[in-house]
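Participant: So the chains spell out like this:
There are 2 protein chains.
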Amino acid sequence: MKKHNFSAGPSILPEFTKEKTAEAILNFAGTGLSVMEVSHRSKEFVAVMEQARELVKELLGVPEGYSVLFLQGGASLQFLMAPMNLLEKKAAYLNTGTWASKALKEAKTYVGEVVEVASSKDQNYNYIPKNYVVPADVDYFHYTSNNTIYGTEILRDPVVPVPMVCDMSSDIFSRPVDVSKYDLIYAGAQKNLGPSGATLVIVKESALGKVTRPIPTMLDYRTHIANDSMFNTPATVPVFGSLQTLLWLKELGGVAAIEKVNQQKADMLYDEIERNRMFMSTVADPADRSRMNVIFVMKPEYAELEKAFSDFASSRGMVGLKGHRSVGGFRASLYNAMPVESVQALIDVMQEFEKNN
Amino acid sequence: MKKHNFSAGPSILPEFTKEKTAEAILNFAGTGLSVMEVSHRSKEFVAVMEQARELVKELLGVPEGYSVLFLQGGASLQFLMAPMNLLEKKAAYLNTGTWASKALKEAKTYVGEVVEVASSKDQNYNYIPKNYVVPADVDYFHYTSNNTIYGTEILRDPVVPVPMVCDMSSDIFSRPVDVSKYDLIYAGAQKNLGPSGATLVIVKESALGKVTRPIPTMLDYRTHIANDSMFNTPATVPVFGSLQTLLWLKELGGVAAIEKVNQQKADMLYDEIERNRMFMSTVADPADRSRMNVIFVMKPEYAELEKAFSDFASSRGMVGLKGHRSVGGFRASLYNAMPVESVQALIDVMQEFEKNN
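Keeping their order, the protein sequence lines are chains W and G. Note that the working numbering has the first sequence beginning at 48, numbered continuously upward. Note that the working numbering has the second sequence beginning at 48, numbered continuously upward.
Since the hints were made in silico from the structure, they are not lab data. Any given hint might turn out to be false.
Given that identical chains are not distinguished, each listed pair holds provided it fits within a single copy or across any two copies.
[What the hints assert, rightly or not] Derived pair list, reagent style EDC-like, types lysine to aspartate or glutamate, alpha-carbon separation capped at 20 Å:
1. K50 with E91
2. K67 with D318
3. K49 with E91
4. K49 with E70
5. K402 with E160
6. K149 with D275
7. K369 with D358
8. K50 with E70
9. K155 with D267
10. K228 with D314
11. K90 with E101
12. K297 with E105
13. K152 with D358
14. K354 with D332
15. K297 with E135
Bound conformation, chain W alone:
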């Protein structure tokens, strides 16, 4: 039976990425060796790192003056590195969910002064705060573009009077972004990019070197810029896998092209949630709905059918649909690699379940 992988992350990757990675695990770039066992300083692997960096720049239109890095430690380590490198006086954070809140807490507890400009915690993060004011005297404004757990997304670059720092872990490469508005963009690879273990960082070089604190070597972006992400051994297979996905995305037409497909998939599923008498969205304002993670729950009158739907969906090959414990219900993650056919398969299952019950 065909599996439809709606996991929130690590999550579905293109067949291309899987095939090319499996090949390279056995024979990488004609070396007769595995990509797992060649030196990261071999010309074949250096070419992987360079090509990945260049494709990130090309696909996102990264301007001159920015460096693209592949680090380790995920967004969780960036919650610390971002303020260590950029926060001198104070920083402003928008609190839209679990990850935004963790980023804010790490900066505030271990680095410096943080202003929480707004929070949607009062309603279990089911909306994106609007009309907040970002003070003009902060070093940067930090936000999380997509909230994987709560299914909300900030689809347009906020307009604020300071440079921005953004955790784009779960929607990077899903649409165009104006990188020039950001001092720093970071993203764990394991949603739209590749296997977990690589962390993409796009950093404006001129924003660095302005803080007075000492920064430990591995936490200093300048270390990694100066060494082309090879100060220490990078996570070679995750970087190789990420490159394959970038190649696949370029072939598809890039972020503008994939955005159209992402919009189509999200529209299909949200329309079904609206139409189906059994389900409802948990996001308060339709404008805040995530295109990447579609959260839905049983309507109160059908609450007792939750397990039955879960079992039925599993029996039809749906994987990873269980919602996060903070929200309950279901979460269908529709990352770039998710085909329209799988979204249709989920809709069919929802309709059949409605008919049968």
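Could you slot chain G onto chain W? The hints should help.
Facilitator: Just chain G now, with coordinates in the frame of chain W:
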């Protein structure tokens, strides 16, 4: 032509590890999904993490009261994490090479007081200092068990009056170790364990929580202990690959069995270096010679033949033999997965080159 992979790291892995990983990249544990795209919280991946942890404990005889973690960031991040978690008053470091020196510098520059008990820098690290004194009032004694660049190794646990911390990146699992003497052992995966991107940490739980400094979340071992290495998304493919190597090693008979093979391989190659009129070891005392990284250079009278030997060896399928720029010459890394046949192939090449010139 068969390739013989003498790379220093990432380096040769067992065929078993490569085959099983390539399989799992396409279909992991019968899920029909790639190991790259399943949730790290799926029961299938949680089983990988648990089994890897248990096998580390079994193979190294890790006593009760220790936690085994799979983190990210390599030994380079451990250079910071180790002192942040364990250094309150001061620590003693033995300086035996580039990595030992980096570990010492990171602790001293960013964390606290460090005593360098001895250094072999005066002779380009070509020996292991002996008869140094570790003060009894330090929090720990840090050393690097194998010096990848200089080809020296400390084969027996030092006897010191304090708990030890050891960077075993390049010889872990090559021989038995008495873990009870250590507060902390850490190792990047990319030599004897698996693909780069995973960092193995073995830490004594009772050694933690004694420092007064605040420790950022991701740098605090307690964070990762409390979450079974899943506080954030682990590097799933590197952990999966590491598990395969652990399974392979267990099947071979474990660390005591592999130690015999490692000794045999090292003896074969050092014997040839001694015998061959063209080559010489750079390590001052034969007792300090590494079993993992065998460094040799042309004797002065044959210095002009270095490139010719390099080309000849390459033409016979030898890969990764180039020595580190700090030492020059050649480096044959003989990690666990290196078959005796490949060592013999290198010896044959050395003998043929001697005969031809």
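Participant: Output the indices of the hints that this structure fails to meet, ascending.
Facilitator: 2, 5, 10, 13, 14 and 15
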